[in-house]
Amino acid sequence: MIALFYIAGAIAVIATVAVILQTNIVHGLLYLILSLLAVAVIFYVLGAPFAAVLEAIVYAGAIMVLFLFVIMMLNLGQHTRDQERDWLSPRGWIAPSIMAAILLGQLLTVLSSIDYDLVPEQVGVMEVSALLFGPYVLAVELASILLLAGLVAAYHLAKTK
Amino acid sequence: MELEIGSALSIGLILGVVIITAALLITVERRLLGFWQERLGPNRVGWFGSLQVVADMIKIFTKEDWVPPFADKFSFVIAPGIIMTVVLLSFAVIPFAPNIGVIDSNIGVLFVLAMASLGAYSVMLGGLSSDNKYALLGSLRAAAQMVSYEVFMGISLLGVVALTGSFNMREIVESQADGWYIIPQFIGFVIFLIAGVAESHRLPFDIPEAEQEICAGYHTEYSGMKFGMFFVAEYIGLVLISSLITVLFFGGWLGPAFLPPVIWFAIKVFVFIAFFILMRAAVPRPRYDQLMSYGWLFLLPLSLVNLLVTGVIILSTQ
Amino acid sequence: MQELIWLLPTYPLLGFLALVLTAGRLPKNVVAIIGAGSVGLSFLTAAIIAAQFLASGEEYFIKEVWTWMAVGGFTPGFNFYLDGLSLVMMLVITGVGFLIHLYATGYMADDPGYSRFFSYMNLFVAAMLMLVLGDNLVLLYLGWEGVGLCSYLLIGFWYTNPDNGYAARKAFVVTRVGDTAMALGLFLLFAELGTLNIQDMLHAAEAEWEIGNGLAVAAALLLLGGAVGKSAQLPLQTWLPDAMAGPTPISALIHAATMVTAGVYLIARTHILFELAPNVQELVGWVGLITLLMAGFIALTQSDIKRILAFSTMSQIGYMFLALGVGAWSAGILHLMTHAFFKALLFLASGTVILSLHHEQDIFKMGALRQKLPVSFFSFLLGSLALTAFPYTSGYFSKDEILIAAHGMEGPGMIFFYGGVFGAFLTGIYTFRLFFIVFFGESKAAHPPEQEYGGWNMNGPLILLMILSVVGGFIAVPLDPLFGDHEEHHISGLLHAFMIAVPLIGIAISACFFYFKIWSVEKLMASSFAQSLHKFWNSGWGFDWLYDRLFVLPFLWLARINRADIIDSFYGLVVEVSRAANGMIVKTQSGYLRWYALSIAAGLVVLITIGVML
Amino acid sequence: MESIPVEHGLILAAILFSIGLIGVLTRRNIVFVLMSLEIMLNAGGLAFIVGAARWGHAEGQIMFLMIITLAAAEVAVGLGLIIQMFRRYKTVDINVLSEMKG
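Protein chains in written order, with the working numbering: chain A, 1 to 161; chain B, 1 to 318; chain C, 1 to 614; chain D, 1 to 102.
The following block holds chain A by itself, in its conformation from the complex:
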């Protein structure tokens, strides 16, 4: 299992890097899905099967489909590859990379001070649901309001006049 964790982690990192380096938006999206699935595997390894499946169903299966749907509607894709290449000037990478590197360095510094080995144990759907509809029922309500707002906003924004 521990090997699975590192393999999935490596796949996630590589795929994610590939996402931001891609010039073809569809390929980028595929890499992102791969990354999400790898993260789902990590969730599973860490003892959160419910989260893992949700990652696959909602994130990879629904949200990314929305992306793809929009890409199809706007007919982006390979035609925009040259344009994409123009937009990705090498100089544009410098400042963000430095910034991200500093941030990452800081995070690593902070995180490396933690020293705890966790033994993953399954926390199944039942436990999560019991909490979700017990103490955190308010969070569920908030989430549903948020989704409703998102629904209304998306409907309104994407509507053709």
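Honestly, the hints are just simulated from the structure, not real lab data.
Please read all numbers here as calculations on a predicted model, not as lab measurements.
Incorrect hints may have been included.
Using 30 angstroms as the maximum straight-line C-alpha spacing, the simulated DSSO-like pairs for lysine-lysine come out as follows [said to hold, decoys possible]:
1. B:Lys133 <-> D:Lys101
2. B:Lys73 <-> D:Lys101
3. C:Lys444 <-> C:Lys517
4. C:Lys444 <-> C:Lys372
5. B:Lys133 <-> B:Lys73
6. D:Lys90 <-> C:Lys587
7. C:Lys517 <-> C:Lys365
8. D:Lys101 <-> C:Lys365
9. B:Lys59 <-> B:Lys133
10. A:Lys159 <-> D:Lys101
11. D:Lys101 <-> D:Lys90
12. C:Lys372 <-> C:Lys28
13. C:Lys523 <-> C:Lys365
14. D:Lys90 <-> A:Lys159
15. C:Lys365 <-> C:Lys535
16. B:Lys133 <-> B:Lys63
17. B:Lys73 <-> B:Lys63
18. B:Lys133 <-> A:Lys159
19. C:Lys372 <-> C:Lys517
Taking beta-carbon pairs under 10 angstroms as the criterion, some of the chain C residues facing chain D (in silico) [stated by the list, open to error]:
20. Ile518
21. Ile566
22. Tyr592
23. Ala597
Note that the Cβ used here is the ideal one computed from N, Cα and C, for glycine as well.
Following the hints, put chains B, C and D in place on chain A, whose structure we already have.
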């Protein structure tokens, strides 16, 4: 973590049986269609056309595996692979018999749903990468259809999950020893049936590939073995949906003891396969917007009400 | 009935509102009825109230109407205070005011701004009544500024001529100097005594301050500043002659009978404060004396009929100040009242003369009007006699009392006395110079009058005022309980005879010059010294020139060198700094989402750095 | 069962987050920007799951559910905006949306 990984042998065996069944379905479907439509169907190759599938496979394997020059090669190539992978992966959690099955997972039902949702990519990528307007239209339709019906499919089987108290397919089957869920969850069953057909975009819901409207839809540009993968995957999906219905609503392998459990399972699955083929022969294709509004305006409320009533009954009988 | 004292200012105020809100759309006779009628109603009410008040024998009466505002312990109210002093003022304002309103209905008959004129007049009467009836200094100040506003509006009544606007501004600005001092005085009084209610304040001052206390001196000086501004006394006298730019009834009402005496009223009202500061009170006397002499000399040289009367007014208010300065409060107020009668009479009569001569104001272009304008002639005759304190006319009694009181005063009393007597001498000369030149001799008018201008509504007030000018001195002013200064002064009979004779000598000299023509002005003016003296006096002792050099030109110079606004440049610097900073910061608002995201990330990095460091 | 050092999970989350940050800062295509945002959100979710695993609780998963809900709503609105933007400007270049400059 109850993860029973079966031996490589049993995995191979199950995969082989599934694929061969799917392949055989090509012939079976044509024969059955012919039977229902009062015509002969393929009857030349082999005994009553039983070797027709071999002939088809030889044809598909030997065709030129051609990628259109205007297509996005990467997406074009992996698209059929995705659908094959996800439908075959779904079988990993199906319990065929008390001791036959790949994984006995606590999240079996969710896993199937996850795979089904990933299956949408195959259709969408296939259409998008083909760079063809019919393909694009087909994949747009497929995307909307599959994402929509995934929702009702998930909600419709939550009634079963609630009655069992588990996402584990094996437990679901075992809890049907006293009675199949088709009785208490009839509405759920109907919705699941419809959503399942839509998910596998079989007729009458084959709108993404409606020949009369948009050529062959998302796989217009596909040929050779890539087309074969789409083609076979559709039949595997048919088997999958039939298996799921069997497991969730018809007691899986459960049956009178005069036959082994796996045979009971196979019989039930075949009945549903036949039913789907009969639907193909009998029901006309709805319009795309009808499909969508039917789903969102009728099936969604109905499935929610079903879930609600189920919950109320469970709580009141506790 | 005394309860209805609040009606006094209300009637004119309602009249004002009615006239202002109809904006000149009413027919003239309605305007006249509203304008003059409201003041007439006020006068009737005032008369009844006065009769009841005098009959009741009370010392004072307070009517609380409502609380104006309540800020902490400071609660000035619309409260009316009636005692002998305000009674006299009230009657003078409403009575003389009514007569002048009545006169004005005829005088202004051809003016397009008829309604506007009466609305201003009514507002003036309302404000003036507020001034004299208010029981606290805030209300008094409200009225004080209200009459200032009306004065400004009415001086500039014929606003199409820029000169009139200039004169109005001059009056406003000059009196503002005094008003500022007065406001400071009010602040000082409130800060020190904690109240602005006049009676409470005076009692508190009496209790807390001993005579000569520095604060009392300061407060009295500041109030005196306000008084000299309003009453056109030295050194703020320069606005009054120019104020004659307004219509003649205005000059009669505001710049002779009522508003300019507000300063006298103020000092008399707060006399306890001045008694606590004897030096300031003496200063009041000096101011009055110098002003009355100076104005007398100026009046000798003027040729404009209204300006002569204006300087005469200045001079007579000087007498009132002199009376206040020597502590003859009652005499001062009596002179205020009699002066209101005869000066209003003179101004109104001059108005008739001016209108009859088609707006001619230069006395050297008049002459021989005795037969043509009989009412004016008699008005001028009686008014002039009263003005020069001819025995047993009204002015005689009041001036007599003032001079006798001055004579009885310690210290500079003798100077005040002889100065006052000399002023009376000058008064005799300039008054009858005007009288003889206008009504005798040959006619030099460009347009000789066919007949006297005006009907009953103009002649009636003149006749009434004539009577009042003659017999006004016999009116017993009920001021003794208020001031308690009825200290009998006596002077020797010879001195008294001299005092009475001096104005008569002035009249005689004037007659020799202008009636009998025994002496000639031309001969007197032959020497260059006399000419320059004439010029000097004619220019009002050069005060306008002096103030021009002292204040106006330096101010203009400052304004010129400060055209770039030196003080504002500091604030401009603030603006510039903000703008520069904005220019720097605005670059951060590039509108590019990525830039903002980068900023957020940078901020996160900084925060984490801080967190790690700590 | 073997154990996983908890910091490794968090470091993975940090790495993914940084990569997403680079993506947000670098890309001009607004779809890519939105995708990079998803990466960052997902990294946050990963950190929560690691936390949940650390304490053996379900709360971390609930937070992940919240994040996923947020992501869904955000993407719905964001994609709606992208469609609107594409209609109006005929481009997905995020730099054209710089009219709000100071």
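Quick rundown of the hints versus the structure:
1. Distance check on the hinted pair: Lys133 (chain B) and Lys101 (chain D) sit about 40 angstroms apart at the alpha-carbon level, beyond 30 angstroms; violated.
2. Among the hinted pairs, Lys73 (chain B) with Lys101 (chain D) is inconsistent with the structure: their alpha-carbon atoms are about 41 angstroms apart, more than 30 angstroms.
3. Under the criterion of a C-alpha separation no larger than 30 angstroms, the hint pairing Lys444 (chain C) with Lys517 (chain C) is consistent with the structure, at around 17 angstroms.
4. Among the hinted pairs, Lys444 (chain C) with Lys372 (chain C) is consistent with the structure: their alpha-carbon atoms are about 14 angstroms apart, no more than 30 angstroms.
5. Pair hint Lys133 (chain B) plus Lys73 (chain B) holds up; C-alpha atoms about 17 angstroms apart against a cutoff of 30 angstroms.
6. Straight-line distance between C-alpha atoms of Lys90 (chain D) and Lys587 (chain C) comes to about 27 angstroms, which keeps the hinted pair within the 30 angstroms bound.
7. Proximity of Lys517 (chain C) to Lys365 (chain C) is assessed by CA-CA distance (about 18 angstroms); at most 30 angstroms being required, the pair is judged to hold.
8. Simply put, Lys101 (chain D) and Lys365 (chain C) have alpha-carbon atoms about 77 angstroms apart, too far for the 30 angstroms limit, and the pair is violated.
9. As the CA atoms of Lys59 (chain B) and Lys133 (chain B) are separated by approximately 28 angstroms, the hinted pair is consistent with the 30 angstroms bound.
10. Proximity of Lys159 (chain A) to Lys101 (chain D) is assessed by CA-CA distance (about 28 angstroms); at most 30 angstroms being required, the pair is judged to hold.
11. Between the alpha carbons of Lys101 (chain D) and Lys90 (chain D) the distance comes to roughly 21 angstroms, so the proposed pair stays at or under 30 angstroms and holds.
12. Among the hinted pairs, Lys372 (chain C) with Lys28 (chain C) is consistent with the structure: their alpha-carbon atoms are about 29 angstroms apart, no more than 30 angstroms.
13. For the proposed pair Lys523 (chain C) and Lys365 (chain C), the alpha carbon gap of about 21 angstroms is at most 30 angstroms, so the pair holds.
14. Note on Lys90 (chain D) and Lys159 (chain A): the hinted pairing holds, with a Cα-Cα distance of about 16 angstroms set against a maximum of 30 angstroms.
15. Of the supplied pair hints, the one linking Lys365 (chain C) and Lys535 (chain C) holds, its CA atoms being roughly 20 angstroms apart against a limit of 30 angstroms.
16. At roughly 24 angstroms between alpha-carbon atoms, Lys133 (chain B) and Lys63 (chain B) fall within 30 angstroms of each other, so this suggested pair holds.
17. Restraint check for Lys73 (chain B) and Lys63 (chain B): satisfied, since their Cα atoms lie roughly 18 angstroms apart, inside the 30 angstroms limit.
18. Proximity of Lys133 (chain B) to Lys159 (chain A) is assessed by CA-CA distance (about 23 angstroms); at most 30 angstroms being required, the pair is judged to hold.
19. Proposed proximity of Lys372 (chain C) and Lys517 (chain C) is supported: the alpha carbons are some 22 angstroms apart, at most 30 angstroms.
20. With 10 angstroms as the threshold, the beta carbon of Ile518 (chain C) stays out of range of chain D, its nearest partner Cβ sitting at about 92 angstroms, so the hint is violated.
21. The interface hint given for Ile566 (chain C) is broken, as the beta carbon of that residue sits about 32 angstroms from the closest beta carbon of chain D, more than 10 angstroms.
22. About 5 angstroms separates the beta-carbon of Tyr592 (chain C) from the nearest beta-carbon of chain D, less than 10 angstroms, and the hint is met.
23. For Ala597 (chain C), the suggested interface contact is upheld, since its CB lies about 5 angstroms from the closest CB of chain D, less than 10 angstroms.
When held up to the earlier numbered hints, the structure conflicts with 1, 2, 8, 20 and 21 and fits the remainder.
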